[in-house]
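Undergrad: Chain residues, written in single-letter form:
Protein chains: 2
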Amino acid sequence: MSIPSDPRELIAKARSGDRASLARLISRIEYRNEETKKIIELLYPLTGKAQVWGITGPPGAGKSTLVDRLVTKLRAQNKKVAVVAVDPSSPFSGGAILGDRIRMQKHTADSGVYIRSLGTRGRHGGLSHSTKETVLALDAAEFDVILVETAGVGQTELDILKLAQTVIVVLVPESGDSIQVMKAGLMEISDVFAVNKSDRPEADKLVRELVANVGLNPHDEHSWMIPVCKTEAARDIGTDALLQEIENHQKYLEKSGKKAEKAKAFLKEELFDILIEAMKSSLEAVLKTEGGVTLLEQLYQKEIAPYEAAKILSGQAD
Amino acid sequence: MSIPSDPRELIAKARSGDRASLARLISRIEYRNEETKKIIELLYPLTGKAQVWGITGPPGAGKSTLVDRLVTKLRAQNKKVAVVAVDPSSPFSGGAILGDRIRMQKHTADSGVYIRSLGTRGRHGGLSHSTKETVLALDAAEFDVILVETAGVGQTELDILKLAQTVIVVLVPESGDSIQVMKAGLMEISDVFAVNKSDRPEADKLVRELVANVGLNPHDEHSWMIPVCKTEAARDIGTDALLQEIENHQKYLEKSGKKAEKAKAFLKEELFDILIEAMKSSLEAVLKTEGGVTLLEQLYQKEIAPYEAAKILSGQAD
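First to last, the protein sequences are chains A and E.
Just so we're aligned, residue 1 is where the first sequence starts under our numbering, counting upward by one.
Just so we're aligned, residue 1 is where the second sequence starts under our numbering, counting upward by one.
Since the hints were derived computationally from the structure, they do not count as laboratory data.
Be aware that one or more of the hints could be misleading.
Same chains, same label: a pair holds when it works inside one copy or across any pair of copies.
What the hints assert, rightly or not - Straight-line C-alpha distance at most 30 Å; calculated DSSO-like pairs for lysine-lysine: (1) K38 <-> K49; (2) K268 <-> K280; (3) K49 <-> K251; (4) K38 <-> K280; (5) K311 <-> K288; (6) K288 <-> K302.
Chain A extracted, bound-state conformation (with noise of 0.2 Å):
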């Protein structure tokens, strides 16, 4: 059983169930060369059926525990699930999410879960594209629900809870006092809250101040009240209603028509990474020039003006 490179028939393999096609696929959209067009190209036009929900929260907040759970929940409900956990870019943060990798490994033998960690480290936007296309691959690979865990600690983390249709904020009792500060900052990307570790001291306080938040802050002109769920992951209480919140904003987004709206958001993003990639690799290109060079040159010297040279630059690379 070989795994197939021609991207047509690798594609096949993957929708057919074969994991190692569909890592090898998801690995040539990582790369990222001229055939990860084509990928997409063939890729798209077999995407659109599943959900997409997205999971962050500070570090600690037991984030995986409670993907663990949902994704035990979902699989007794039938459905196939893929997690794509994305790795924080900074120094500072790294290694929690590879490390809670590992728990997820009761779920390797269950062909209907697939598992998937996207690094950042030296990827800059690119990141945000590449875990976008993978999640293009896995809903063309038939996964019901595929859930985008972030660490949310960056620009990034937050541009790439954008793909999700929900997006689930994880919280515990202790980080009360930072999101006193930021809460609008919350409210924006949150869909559902959950407190985990809610048998800790101060629980109940930070679910009235959420509830109270919510409150003031209704989403989508009142028409969705984010819930605030409590939840002890670890020892799977308050799961079940999370997981019921979660459907019932899905169901929302299919009855409010905003699911489409949230589909074309996040088309219109795609499109600007598309264009800006394509972009800086023709300014890579030319830089590496003659002129390019020249340029830079005078620039450094300050013969002309920032503005001023990348017009010009702009025009060598047309």
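Got chain A; can you put chain E on it based on the hints?
TA: Below, chain E without anything else, positioned relative to chain A:
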């Protein structure tokens, strides 16, 4: 004493030492419109003399206290100092820098110190662009040293540090574990390490680990060995030695020609930023036209695929 509205007069007044004009100038840069371009063209030839230092590290490492000490010492050398504090983009780690700014207020009566916070929320890639241009304004306003402080938790913050000639990474003994995992990432961005709160247990262990890693991964083919400084910013211990190492690094950059090399790499990024920002505005405009709306709808209906749609969109934007 009114604030001039003409960019040329505003710049002249900011350069003459008028703080209200400098603040207005930076606000106009942050605002980002057609005028920004004009301002930068005027500022650019006036820049190139300032030293730009970047300071990063995990939340709670004591970066602001350290910055505070460095500012005081630089003032004692009669140098004009500006601090640009870039607030983290994540809702989970906001606030800290803003709170610390209050502590810095003791410098506000000193006309040789200027402190400015820049926020990231909702700005996406635009923040690093605004930060770079704010540094240009401060450089033109003849500050001798510009300290750019970031929380260092995401790609945006790491991008911002590219504008610094010397990057100081501040760690605390407790961060020992996490750096184990990603130490390569720290080595890449750091020119000087400060192990702060070094009276705590485990400080020597962290110093030893860092020194060992510096030995394994020397900067610039052995020519700059990253120093590891023990500091207790709260008690002003070790901070003179840290300052000395930063000054040594600046001398090294001058002598080795690396300063010009770094400046050119930074200018290249600046050109990319300018062109990407311009492309985004142009695409946003096209997507609002009838043709743009139709294209997005066709993409949503899967009548065309993303790369094909991007190509069409790019043609419409030309």
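Undergrad: Where does the structure disagree with the numbered hints, that is, which hint numbers, in rising order?
TA: No hint contradicted; all consistent.
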